[in-house]
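Chemist: As a plain string of letters, each chain reads:
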Amino acid sequence: MKKSVYNGLYLVIAILLVLPFVLPNSFYLDLAVRMAINACIVLGLNLLIGFAGQISLGHAGFLGIGAYASAVLPTHFGWHPLLAMGAGAVVTGVLAALVARPIFKLKGNYLAMATLGLGIIISIALRNEAQWTGGPDGMPVPAMGLFGFELSNDKQWYWVVAALLVVSVWSSLNLIDSPFGRALRALHGSEVASQVVGVDVVRYKVAIFVLSAVFASIMGSVTAHYVGFVSPNFADFFHSIELVTMVVIGGMASVYGSLLGAVLLTALPQALATFEGWETVVFGAILMLSMIFLPKGLVPTLAAKFGKGE
Amino acid sequence: MLAQFLQFLFSGITVGATYALAALGFTLIYNASNVINFAQGEFIMLGGMLAVVFTQAGLPLPVALVLAILVPAIVGVLIEKLAIEPVKGAETVTLIIITIGASLVIRGLVAVFLGKNTHSLPAFSGDAPIEILGATLLPQSLWVLGVTALVVVALWYFFNRTLQGKAMLATSFNRLAAELVGINTGWVLFMSFAMSAALGALGGILLTPITMTSYDVGIMLGLKGFVAAVLGGLGNGLGAVVGGLLVGILEAMGAGYISSAYKDAMPFVLILFILFFMPRGLFGGKSTDRV
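As you go down the protein sequences, you meet chains A and B in turn.
The working numbering numbers the first residue of the first sequence as 1 and each following residue consecutively.
The working numbering numbers the first residue of the second sequence as 1001 and each following residue consecutively.
Hints were generated in silico from the structure; no laboratory data involved.
Accuracy of the hints is not assured; some may be wrong.
[To be verified] Here are a few chain A residues that face chain B, going by a calculated C-beta distance under 8 Å:
1) I55
2) A186
3) V248
4) F283
5) L287
6) P295
The beta-carbon is built from N, C-alpha and C at its ideal position, and this holds for glycine as well.
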């Protein structure tokens, strides 16, 4: 069991090593970078939704805080990008921790409502505070410098993001197998039962929420620096839904499902560009069909079919 | 002072009535199936857009309005039959994604076939404003409030005095028990989607002469309807109506006295605060979990 879990990680590393040499042009390299970034975000979100069984419909709000921290602080206050990224992560962490306690007294649809509301408030604030954020038009983000070396082209970004992804997969796998991860899975199964055996349910829920929010914020900063531009759409409700969809289509509580979900849904808009004007209809139809026919998500469904665990 | 306050109050309860209708729609579907229907806002949009299309096609107003309620109701039933029934008992997040998918399909189809322009309907009985204590009230606001009040009374009668209504209530309390006493719960599901789509569409039609409509108005209206339903305590019909009016009034007051830029954020700030202190909304009561 243990071995096969890491086999997946080795496969991911192998693919990431080979990929830049087989991709035909920079368009695909750009796509690969964005897939990897989304994969990292979805891994964090899946810990919350899939493993701990808590819904968040406002995660793009946390991405937005990170992205705008990386845009606003260096531009208006001359902060170093890494420091700005850290500040975004701290603000997100504090905000998530503040709202988490009251929020996680809620269940199911009430929790969905609260996280959705939080995300929408963040995105409206980003849209309105135009003197800082550029309003609905968004604003450019300064380049990311690392130790006097500026990340400029897609190739460099690719290796940075690939490394981030490997670390994320590795730490997710370990986290799930740790006492913390077992506690999370226990409270997903039955909160009462896990309370009975001594799991502090609220504390674990708050911890995983803050963890995935901070992670989202950091990846938001990374995205902002990579794209070189942020707009409020990045933090809006629809983006939150896209992220949740990546989790569910790939497979809840499946690390490799998160990767697959992120890859597929990042590629989908490119594929749909051929349906001029019909993108929204086709995207919506795909969401519905995949949930109706594969409600457990791709990887768990396939794993069950071929009769072996992930 | 008073005039200004009244003005905000009037616009608040007018919009609030639409939120109330949307919240009733959420409540109906939630009670029948435990599904939060994120496509509810699209029914509001469909009602308004179709009313515009049918009146522009030259149909007399009453016919156009009936059609603009009927078509969304059929769409609602289609969603139930094609997308909700096949996944009975799925996880909350799966159901949420299905209804969001449905809302994207509806919005996308409207954008393709009816275009992305903003439309308006002529007010049902003129635009001459009525003066009350220095504030003005549009005749259309009276239509919105009057029809909403009628709908609430009709729904109360339906749920408390008719066998069909009682069957729907019974199903929402305990599906298995309802099935055991011979209630056709499939029919209840069907009816709740049809009724909730019709309610949404009605709200959209009534509001369009005041706020105008376009293919993308459904998202915010729907989410605020959801806020209203949660505010009143999910599944509580009276709560949905009170929640809708409260959300509308708060939004109008907030926009008037605090910041119009943050108008859309007000309902969400409100619901966060309410949920922090009353985790089941205003009228949700206490729940106990079966272990």
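Chemist: Run every hint past the structure and note whether it holds.
Modeler: Quick rundown of the hints versus the structure:
1. The beta carbon of I55 of chain A comes within 5 Å of a beta carbon in chain B, closer than 8 Å, and the hint placing it at the interface holds.
2. Because the smallest distance between the Cβ of A186 of chain A and any Cβ of chain B comes to about 15 Å, over 8 Å, the interface hint for this residue is violated.
3. Nearest Cβ of chain B to the Cβ of V248 of chain A: about 6 Å, under the 8 Å cut. The hint holds.
4. For F283 of chain A, the shortest C-beta to C-beta distance to chain B is roughly 6 Å, which falls under 8 Å, so the interface hint holds.
5. Below 8 Å, beta-carbon pairs count as interface contacts, and L287 of chain A has one with chain B at about 3 Å; its hint therefore holds.
6. Taking 8 Å as the C-beta cut-off, the interface hint given for P295 of chain A holds, the closest approach to chain B being about 5 Å.
Of the numbered hints listed earlier, the single one contradicted by the structure is hint 2.
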